[in-house]
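Engineer: Okay, here's what each chain looks like letter by letter:
Number of protein chains: 2
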Amino acid sequence: MSEPHQGGSALVEALRACRAAAAGVAALDAARKRTLLEAMADAIEAAAPDILDANARDLAAADARGIGPALRDRLRLDPDRLHGIAAGVRGVAALPDPVGRTTRRETRPNGLVVERVRIPLGVVAMIYEARPNVTADAAALCLQAGNAVVLRGGSEAIHSNTAIAGALRRALRGEGVPEAAVNLLTDLRREAMVELLRQNELVDLAIPRGGEGLIRFVAEHARVPVIRHYKGVCHLYVDRAADLGLALDLLVDGKTSRPGVCNALETLLVHADVADAFLPRAAAALSARGVELRGDAATRARLPTVRPAAEEDYGAEFLDLVLAVRVVDDLDAAVAHIRRHGSDHTEVIATTDPDAASRFVAALRSAVVMVNASSRFSDGGELGLGAEIGISTTRLHAYGPMGAEALTIERFVVRGEGQVRHPASRGAG
Amino acid sequence: MSEPHQGGSALVEALRACRAAAAGVAALDAARKRTLLEAMADAIEAAAPDILDANARDLAAADARGIGPALRDRLRLDPDRLHGIAAGVRGVAALPDPVGRTTRRETRPNGLVVERVRIPLGVVAMIYEARPNVTADAAALCLQAGNAVVLRGGSEAIHSNTAIAGALRRALRGEGVPEAAVNLLTDLRREAMVELLRQNELVDLAIPRGGEGLIRFVAEHARVPVIRHYKGVCHLYVDRAADLGLALDLLVDGKTSRPGVCNALETLLVHADVADAFLPRAAAALSARGVELRGDAATRARLPTVRPAAEEDYGAEFLDLVLAVRVVDDLDAAVAHIRRHGSDHTEVIATTDPDAASRFVAALRSAVVMVNASSRFSDGGELGLGAEIGISTTRLHAYGPMGAEALTIERFVVRGEGQVRHPASRGAG
Numbered sequence: 000m001s002e003p004h005q006g007g008s009a010l011v012e013a014l015r016a017c018r019a020a021a022a023g024v025a026a027l028d029a030a031r032k033r034t035l036l037e038a039m040a041d042a043i044e045a046a047a048p049d050i051l052d053a054n055a056r057d058l059a060a061a062d063a064r065g066i067g068p069a070l071r072d073r074l075r076l077d078p079d080r081l082h083g084i085a086a087g088v089r090g091v092a093a094l095p096d097p098v099g100r101t102t103r104r105e106t107r108p109n110g111l112v113v114e115r116v117r118i119p120l121g122v123v124a125m126i127y128e129a130r131p132n133v134t135a136d137a138a139a140l141c142l143q144a145g146n147a148v149v150l151r152g153g154s155e156a157i158h159s160n161t162a163i164a165g166a167l168r169r170a171l172r173g174e175g176v177p178e179a180a181v182n183l184l185t186d187l188r189r190e191a192m193v194e195l196l197r198q199n200e201l202v203d204l205a206i207p208r209g210g211e212g213l214i215r216f217v218a219e220h221a222r223v224p225v226i227r228h229y230k231g232v233c234h235l236y237v238d239r240a241a242d243l244g245l246a247l248d249l250l251v252d253g254k255t256s257r258p259g260v261c262n263a264l265e266t267l268l269v270h271a272d273v274a275d276a277f278l279p280r281a282a283a284a285l286s287a288r289g290v291e292l293r294g295d296a297a298t299r300a301r302l303p304t305v306r307p308a309a310e311e312d313y314g315a316e317f318l319d320l321v322l323a324v325r326v327v328d329d330l331d332a333a334v335a336h337i338r339r340h341g342s343d344h345t346e347v348i349a350t351t352d353p354d355a356a357s358r359f360v361a362a363l364r365s366a367v368v369m370v371n372a373s374s375r376f377s378d379g380g381e382l383g384l385g386a387e388i389g390i391s392t393t394r395l396h397a398y399g400p401m402g403a404e405a406l407t408i409e410r411f412v413v414r415g416e417g418q419v420r421h422p423a424s425r426g427a428g
Numbered sequence: 000m001s002e003p004h005q006g007g008s009a010l011v012e013a014l015r016a017c018r019a020a021a022a023g024v025a026a027l028d029a030a031r032k033r034t035l036l037e038a039m040a041d042a043i044e045a046a047a048p049d050i051l052d053a054n055a056r057d058l059a060a061a062d063a064r065g066i067g068p069a070l071r072d073r074l075r076l077d078p079d080r081l082h083g084i085a086a087g088v089r090g091v092a093a094l095p096d097p098v099g100r101t102t103r104r105e106t107r108p109n110g111l112v113v114e115r116v117r118i119p120l121g122v123v124a125m126i127y128e129a130r131p132n133v134t135a136d137a138a139a140l141c142l143q144a145g146n147a148v149v150l151r152g153g154s155e156a157i158h159s160n161t162a163i164a165g166a167l168r169r170a171l172r173g174e175g176v177p178e179a180a181v182n183l184l185t186d187l188r189r190e191a192m193v194e195l196l197r198q199n200e201l202v203d204l205a206i207p208r209g210g211e212g213l214i215r216f217v218a219e220h221a222r223v224p225v226i227r228h229y230k231g232v233c234h235l236y237v238d239r240a241a242d243l244g245l246a247l248d249l250l251v252d253g254k255t256s257r258p259g260v261c262n263a264l265e266t267l268l269v270h271a272d273v274a275d276a277f278l279p280r281a282a283a284a285l286s287a288r289g290v291e292l293r294g295d296a297a298t299r300a301r302l303p304t305v306r307p308a309a310e311e312d313y314g315a316e317f318l319d320l321v322l323a324v325r326v327v328d329d330l331d332a333a334v335a336h337i338r339r340h341g342s343d344h345t346e347v348i349a350t351t352d353p354d355a356a357s358r359f360v361a362a363l364r365s366a367v368v369m370v371n372a373s374s375r376f377s378d379g380g381e382l383g384l385g386a387e388i389g390i391s392t393t394r395l396h397a398y399g400p401m402g403a404e405a406l407t408i409e410r411f412v413v414r415g416e417g418q419v420r421h422p423a424s425r426g427a428g
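Going down the list, the sequences are from chains A and B.
Going by numbering that gives the first Met the number 0, the first residue of the first sequence is number 0, and it counts up by one from there.
Going by numbering that gives the first Met the number 0, the first residue of the second sequence is number 0, and it counts up by one from there.
Extracted from the complex, chain A is given alone in its bound form (with noise of 0.2 angstroms):
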C-alpha cells in the first residue's frame, strides 16, 4: 500500500531479511514443521542452563530497580518452568497444520467450485513485555502457521529473550530453514518500534501483549494492523442459583492461584440473595490466602472490616492479591456493572440455572464466557489450542486466546472451465 522506508535503516533490512524467510516458512510441509518445532524444544531445553542464567541476571536487574511482586513473577523462568515453555512448543508441534486446510467447497450454480483455504499471514510482529515464555511460544505458533515472527520484547528481559532465541535460531539451522525466520530485535529505543509499526509493506500484523502504556503506544503509532492484547478485568458473578461452594472454588483458584496473569480474577459481583451466606465464606478463604477486598456498601454492611471501593476499583485489573466485591440485585444488574467496567476479556457465571447461564452468555460480549469454570483456564492451551500466542481483546479477527490457526487466514480458490460473466464475452476471437 505504501513503499517501505528506503535508505534500509538495520530494522527495515532485518525486516527483509525475514519477509524473504517468510515466503520459505510458507512453503513448509506439515512433517517439517513439525521435525523444526521439536528441534526448537530440544534446543530450549540443551539451553536451559544458559537460559536460566540470563534470567537470573534480568531477575538481579530488575530486583536492582524495585521491581514489584507480580512483574517479577511474570519475569521469573526456573527449570519447571523453562520445562513448560518447552512442552508448550512440543504441544504447537503435535498440533494439526492449519496451513493449507480447505475450510469449505461449494459447487455454484454455473459450475464454480469455490474453496477457502487457509494461508498464513506473513510477517507477525509480536510486542511485548516482561514474560520472556512469549519469546517461544510466539515463534512457535508464528513458524507452526507458515509465518515469520519479529519479535520485541521489553528490555528488563532481554537476557532471557536473546539466550531463547539464540537457542530457536540453533534449531531453524540445524533444520536448514533460514534463521531471519525469527528475529529477536535488539534495539529496544521507542524510536525503533515506531519505525517498526510503520512498516506496512513489511509486517503484515503486529500484536502487543504488556501494559496500558504500551498497547495505547502500539496503537498510537501504528500503520500495520494490529490485535490488541489488551487488561483482563475478569469477573466472577455468584448467581442466586449457584452452588456455593463450588463458586467458592472458582474465586479462589480465579483470585489466587497466579494473581499476575490476565486472567485471574478482579471482580466479584454476588447476588444479594445469597450474599449474608457466600461473603463471609469468601472472606474467610480469600483473608486466609492474604487478598485484599475492597467493597461496596452492601458488601462493608455484611464484612464490616473490608475497605471501601472507590469508583475506579471497579474496572481496574489490580494483578495483585486485591479483589473489588458488589452485591448486585440481580443478573441484569451484573451483567449491567460487567458491560460498563469490563475488558471484554472473560466473565465467569457460577449458577446452577441454566436459564441464568443462557442469558449471562447471551447478554455479555467478552470474548470468553465461562459457566461454572475458573477464569484461569482463559488460556490457549486450557482451551485447546496448544500453546497461544496471546488473548484477542480487538473484535476482530480473532477474539480471546489466539493459538496457530488464528496466525493464518482464509483466502479464496476458484476453480472453473472457462466461466465469463457476461455472455457477450464468449465467442470472442
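Treat each hint with caution, since some may be false.
Said to hold, decoys possible - Label-pair restraints from in silico Cβ distances:
(1) B:12 / A:361: 21 to 29 angstroms
(2) B:109 / A:51: 24 to 32 angstroms
(3) B:29 / A:105: 14 to 22 angstroms
(4) B:109 / A:102: 21 to 29 angstroms
Since the hints were derived computationally from the structure, they do not count as laboratory data.
Positions of the beta carbon are idealized from the N, C-alpha and C atoms, including for glycine.
Could you slot chain B onto chain A? The hints should help.
Structural biologist: Okay, now just chain B, sitting in the frame of chain A:
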C-alpha cells in the same frame, strides 16, 4: 480502550445512538432479521422513483463537474440496477443467520466443554465513494450479521444515498427496530471523518472502499480497526498449456464486461510459447471493443501498433478500457511479476495443466486465485456470500469478498462443573 470524545458533538451523539441500537439488532433472531431485510428490499423498490430522481440529480452535478466514464458508471443507477440492489438485499435475507452459530465444540480432558460461537462485531462504519448500491448492501449485511452500521458515502452520491437510506429507515421503523441502526452521515467534511475514525469506543470496525486517496486517509487517521478494500490490479496469466479460446473468453470478459470495477482485469501476462498464437487474437478481440493495449517489447514485436507500456502501467488500476500486456518466459516469471506489481486482490490462470494451476495457486498470496474462470467472479454474490460489503485486501479477519459472516467474530463459551486450574483452590471454604 480510550474514552470516547466527551462533550457530545453531533457525530458522537449519533454514534452513541447507533451503539445503543446495536444491542437491539444483536438481539434480533433470524426470523426477525429476515422479515426486516425483506421489508428493506420492498422499501427500496417502493421508493424507486425517488431514488432514481435523486440519482439523476447526482449525475447532473457530476456531469457538470466533468466526471470520467468509469466513475459515472459507478454512480449511475437505473431501474435494472435498482432492482438488482433490492434483489441483493433479498439474497442476504435468504442467507443463513451467522449469529449464534456454534462453529466448533470440544470437550477437554478435564471435562470443560469449549464452544466457539459467532457474535456480531457491534458498530461497523462503512466509508465509501461513488457507488450508491453500497448504502443498501452494507446496511443489509451489517444488519444480517447483527450489527448497526454508520454509512459515510461520497458527496457525489449524497442524494442517491439519502434516498436509499431513507427507504431503509422507513423499513426499520415499520419493523419496530431503532432507526439509528442505519445511520447515514451527512457531514462529509474530512474533519468529521477523522472524528469518526478516532471513536474506538463507539465504532468496532471501519471499512473504507474507494480510491487510493480515501484508503490512505483512513489508514493514516484511524484508531478504530480498519479492513482495507484497496485497489484491484487483477492479472490474467495465459499459460503455455492454456486453451486459447477459453483464455480469450476470460480476457474479454475480465477487461470489457465492466471496466470500472475492482475485479476487472488490468494486466495480461502471456507465456512466450503461446504469444504468437494468442496475442493477435487478443488484440483483435479487444480493439474491436475499444480497448487500448500497452505492451512490453516482446508484445510489440508481435503487435507493432501497440503502444509501449511504461513501468507504472504494470500495477496500475486503470478502471478503464486500457490493458497492460507482457510476455513472460514461464509460470515462475508470471508469479514474480504478480508478486511485484499485484495488489493481492484477484489473479487468474488459464491452463489445462493441473500442475501449473496448483503451482500458480500455491505461489501467490492473493485473496482470490481463479483457475480457468473470469476475474469478474471475484464478488461476494458470485462466490456464494449473498451481497458483499467489499473485497478485503487486508490479510486479517477477512481476505477477499466479505459477506455477512465476515461481520461477525467467534468467541469462546465454556461450560464446566466447578473445574479449577490449581487443585489447592478446592475445598477453599
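Engineer: Any of the earlier hints contradicted here, and which numbers?
Structural biologist: none
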